[in-house]
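Q: By the UniProt record's numbering, the letter at position 267 of the sequence shown is numbered 267, and the numbering carries on one by one without gaps.
Among the clues, some could well be false.
Claimed, not checked - Under the rule of at most 16 angstroms between Cα atoms (straight-line distance), these lysine to aspartate or glutamate pairs were calculated in the EDC-like manner:
#: 1; residue 1: 32; residue 2: 116
#: 2; residue 1: 48; residue 2: 92
#: 3; residue 1: 170; residue 2: 226
What the hints assert, rightly or not - Cβ-Cβ distance ranges computed for the label pairs, FRET-style:
#: 4; residue 1: 48; residue 2: 104; range: 13 to 23 angstroms
#: 5; residue 1: 247; residue 2: 72; range: 42 to 52 angstroms
#: 6; residue 1: 63; residue 2: 230; range: 35 to 45 angstroms
#: 7; residue 1: 44; residue 2: 267; range: 49 to 59 angstroms
#: 8; residue 1: 68; residue 2: 280; range: 32 to 42 angstroms
#: 9; residue 1: 230; residue 2: 152; range: 44 to 54 angstroms
#: 10; residue 1: 125; residue 2: 206; range: 31 to 41 angstroms
Hints are computed from structural coordinates only; laboratory data are not their basis. Where a beta carbon is used, it is the ideal one built from N, C-alpha and C, also for glycine.
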Amino acid sequence: MKWTWVLVAVLLSFGGLSLGKESLDFPEYDGKDRVHDLNAKNYKSVMKKYDVMVVYYHDHPGSSRVAQRQFEIEEMALELAAQVLDEFDDEDIGVGLIDAKHDKVVAKKLGLDESDSVFIFTDDEVIEYDGEFAADTLVEFIYDVLEDPVEIIDNSRELKGFENIEEDIKLVGYFKSHKSEHFEAYADAAEEFHPHIKFFATFSPKIAKALELKLNEVDFYEPFMDDPVVIPGKPYTEDELVDFIEDNDRPTLRKLQPHNMYEIWEDDVDGEHIIAFAEEADPDGFEFLEILKQVAEDNTDNPDLSIVWIDPDDFPLLLPHWEKTFGIDLSSPQIGVVDADDADSVWLDMDDGDDLPSVDELEDWIEDVLSGKIDPDDDDDDDDDDDDDDDDDDDDDDDDDDDDDDDDDDDDDDDDDDDDDDDDDDDDDDDDDDDDDDDDDDDDDDDDDDDDDDDDDDDDDDDDDY
């Protein structure tokens, strides 16, 4: 299991805890090291000290500064959790680290095969934590682990509390007493799914009548369903109960929550999830959630349909990531189909939230998704087509550029020829003009010489007269 989505959430959870008012008793890390580095030499002795051991089997951070920083944040979350759990009176709870590179032998002996995961070791079982890596969420989950697998309903107030649970799978059975062999089989089955599925029981005929339960009968409630399914074949063995639950543990409508977010995401249907975002506290979100509940109730017998509801209020730090990844606006309800591996998605057009789809419209859209008419992988094909079109456009542009360049070169050559011709003509004209000028100069010089000679002759004649 990877914690990339919630790395920032861990940072913020520390900020909220450390900045809390003293009167609210929010813990601040006291600086004491409580988290153990488990290795082949010490893991047995350390784990024997505690009734419950929380183990983070982590990848080796190596020399990467980012990986080292991430591991420091995760270790700090565990230190804060260990500090809070240290004050728990009923059980001694320890927290430890196992390095996937240096302590593979220890991991193998403990039966750990998936790194970057948190495991809770109790007396007789190992429970994997598939939730947000934050101190408060982890501590809450551990408290749930420490609760009894079966909660007993004794009065009307506890019955009301049972009826108010709608976001989780729950079972309730009516038995004669704690010592009933049928109750013991029920309790053993509960341990197999604890704390992920909630088990209730009553020994009161009055409560059983209110729940319409017969003796040794167990009802199975899907999330958000008013009417239960009566498990057939009472009285049941442990194996019969386990088999029925495993066959029905993927609800038609289920809520993604901090403590189960990875568990749900890994439980995709044919590599896809139908995701619905709806803020329950918002009027539009509440209305859309009611539509989803009706769709789920109408299609509860369809094993291929499972809608994951996400309330944005539960994951404020992930909203920008989801909006960017899916290209949607989470200020209004949204529903789409998402590829579980690469997050490609197709979303129902809600007309900018003006009108929510009716139950029939939503069921038609879901039918298209389940039949493959709407497929997030088609988005990849569209991207490829766009790339091809871009390449063609580039080629056309290159051809046009080449043609333009050739035309320009031809024009330049013509211009050069014209210029050369003009220059030659100009040179010829200049030469002719120069020749004419020279001839004129020669004529002028000859005339001047003749005049001078005549003058000289006249002077000579004058001299002769004297």
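Q: Each hint: holds or not?
A: Each hint, compared with the structure:
A hinted pair counts as satisfied when its Cα atoms are at most 16 angstroms apart, and residue 32 with residue 116 does not qualify at roughly 24 angstroms. For a cut-off of 16 angstroms, the pair hint linking residue 48 to residue 92 stands: about 10 angstroms separates their Cα positions. A threshold of 16 angstroms between alpha carbons decides the hint, and for residue 170 with residue 226 the separation of about 12 angstroms falls inside it, so the pair holds. In this structure the hint that residue 48 and residue 104 lie 13 to 23 angstroms apart at CB holds, the actual value being about 22 angstroms.
Restraint check, residue 247 to residue 72: a C-beta distance of roughly 43 angstroms satisfies the suggested window 42 to 52 angstroms. For the pair residue 63 and residue 230, the beta carbons lie near 59 angstroms from each other, so the given range of 35 to 45 angstroms is not met. In this structure, residue 44 and residue 267 break the distance hint of 49 to 59 angstroms, their C-beta atoms being roughly 35 angstroms apart. Taking 32 to 42 angstroms as the suggested C-beta distance range, the pair residue 68 and residue 280 conforms, at roughly 39 angstroms.
At about 20 angstroms, the CB distance of residue 230 to residue 152 disagrees with the hint of 44 to 54 angstroms. For residue 125 and residue 206, the hinted distance range of 31 to 41 angstroms is satisfied, since their beta carbons lie about 34 angstroms from each other.
In summary, the numbered hints that this structure violates are 1, 6, 7, 9.
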